[in-house]
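Using the sequences and the accompanying hints, generate a full structural model.
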Amino acid sequence: MELAVFLFALADLPVAMAGAGEAVLGPAPWAVLPLGPVQVFAGFTDPPLALRVHFLRGPWFSWLDFPPPRLALGRSPGHALVALVREGSTLYLSWEIMGSPWLSLFGSLGGENTLGLRFRWRKFWAGGVIRQGGLSLWCGVYF
Amino acid sequence: MVWRVLLALVLAGPAWAWEITVAFTTDLHAVASRFAQLAPLLGAADVILDGGDAWEDPRRFTDADEAWTTMRWMAELGYDAMVLANHETYLGPHLLRQILEETPFPVLATNLRAPLPVRAYALLEVKGVRILVLGVLWDLAVIWPGWELVDPLEAIQATLAQAPEHDLFILLGHMDTSRAVGLAAKLPEKCALFILGHDHALYAEPLWVQGVPIVQAGGRGKAVGWVRLGPEGLREYQLKLVPDPAALPPLPVWPIFALGLFLWGSR
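One line per chain: the protein sequences are B and P, in this order.
Mapping the first sequence onto my numbering, position 66 (from 1) lands on 101, and the numbers just tick up by one.
Mapping the second sequence onto my numbering, position 180 (from 1) lands on 274, and the numbers just tick up by one.
To be clear, the hints were calculated from the coordinates, so they are not data collected in a lab.
Remember, predicted model here, so these are calculated numbers, not experimental data.
Possibly wrong hints are sitting among the right ones.
What the hints assert, rightly or not - In the DSBU-like style, the derived pairs of lysine-lysine whose C-alpha atoms are separated by at most 35 Å in a straight line are: (1) K284/P to K158/B; (2) K316/P to K284/P; (3) K334/P to K221/P; (4) K280/P to K158/B; (5) K284/P to K334/P; (6) K316/P to K280/P.
Below you can see the structure in the form of structure tokens.
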């Protein structure tokens, strides 16, 4: 899984569960455009375009990404966001814990083991992700 | 001299004559099985308020239907206002917006900047008394993309500076007790009542902080708080325990079944 696709699919639960829009700058820029129950992913990556269709929008959350088919089931059990994501027979546990309104810790377990930190200020965020032994820095804006 | 005293008493009459009864719930957590027992305890009050965490309960995996049912029960019973709290935010911004759009009473979030139909304050008029109600939340809320949670004290100060004239100020707060105590001590205008939710604590007596009575009525419909307020402030506070509360519904089986299906065949 390419880095930007990984961030879209597993490391951005607030945007995934809210169905929000976002533009992200970093080693591989990408954006998500919300169109009702659909989010359109576009980035300088493979695939350059992807769709996310939302089925459940609270308090249970479920969505399908494609390509490739990737099914997610999430919930906010307290001040954290958790989702099980399934791609073929590979299972991921994606999570984000809100330490405060300005700081959260996120990551994934299973098919990808990663850890990230996100600082938020109003509609902006900046953070870092440790994946496969390397650190990458990102920032984004919600819309 | 006697005439002056009598005249002063007559002029002051409307100010000391009024009395408002307030009933309130805190941390209901969509406990529909206890609504029938709560209704008679709440219905007789002049004002009914809620301290937040009313529409969701992750311990029982409550779903959207239970959030809607609770909101509609509150509306039918005549709730006058509630504060948005952390468990309401767990519903997600889409469902929460849908429910808020249908909620006929004000849902207060004085310190939340979000594209939601919530209000910074409500002005209720009861028996000719103008009651200003503010509601702030803090701990454990999920701040969704595009939302901003500002410091409760700053938001209260800004809102009070612009609020309409009022005879009585009631604050709804959803945060842990230590933070509420700090907030009550710094309020620029002392409120007659601070209804606190979040800790699920049953306050047999108000917690007084520099003249501000903080009250809380437990969680999951175990009790109703009952207050009499007059121009001088709190006259009486009672915690009315729900007699023989109905058992909470069992955990639903379907999420476990759905989880099993989801995990089946994974490696």
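Hints and how they fare:
1. K284/P to K158/B: 34 Å, holds
2. K316/P to K284/P: 29 Å, holds
3. K334/P to K221/P: 24 Å, holds
4. K280/P to K158/B: With Cα atoms ~29 Å apart, K280/P and K158/B stay inside 35 Å; holds.
5. K284/P to K334/P: 26 Å, holds
6. K316/P to K280/P: 31 Å, holds
Violated hints: none; the structure is consistent with every hint.
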